[in-house]
Amino acid sequence: MIVITIKKKYIYMCYMMFFTLVPAPESWPPAQLTADPPGSDVLLGEKVTLTCRVTGSEGWKYFWTRETNGAISDLLGSSGQDGETYILQPVMKTDQGLYQCMGQRGHYSFSNYHSLQVHGKLLKEKQSHCTKCIIT
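Here the UniProt record's numbering is used: position 45 in the sequence shown is 45, and no number is missing along the way.
One thing to keep in mind: the hints can contain errors.
Below 25 Å or equal to it, Euclidean Cα-Cα: the simulated DSS-like pairs (lysine-lysine) are [unchecked claim]:
#1 47 <-> 121
#2 121 <-> 61
#3 121 <-> 93
#4 47 <-> 61
Now the in silico label distances, taken between C-beta atoms and shown as ranges [claimed, not checked]:
#5 67 <-> 34: 16 to 26 Å
#6 119 <-> 57: 36 to 46 Å
#7 32 <-> 72: 12 to 22 Å
Rather than coming from a laboratory, the hints here were simulated on the basis of the structure.
Glycine included, every Cβ here is placed at the ideal spot set by N, Cα and C.
From just these sequences and the hints, can you work out the full model?
Here's what the structure looks like:
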């Protein structure tokens with residue numbers, strides 16, 4: 001793909017000899033990431049639901065990433081018809097990081113970041129062949 005900027009509000013994109021005029025990225029609606037429960041701090045074992053939406057238009061597909069210690073991972077397993085929901089249940093220490101969603105509909109719309117910090121520790125109790133989690 002060859003991208004040539006012509007004006008502040010428009011970009012020409014060349015795809016195999018075809019030209020398309022599309023709005024520039026700064027004029028695209030941003031994706032909005034919300035968390036339930038709101039806030040960054042959660043307890044080990046809780047349920048966290050992240051939701052992504054691009055307002056004002058339909059037909060978006062959503063993708064999720066998490067940044068942990070500078071490494072970015074693509075996250076699989078989103079739910080909802082178009083992947084707009086990402087559920088962590090039960091939330092674990094390894095789920096800590098910065099989450100971001102991307103809406104895709106011919107172009108990408110990136111969300112704000114949501115930081116997730118998981119508190120508590122996992123204790124193991126032996127009960128015959130079972131192990132259970134206790135939050136302290």
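Hint check, failures only: The structure breaks only hint 2.
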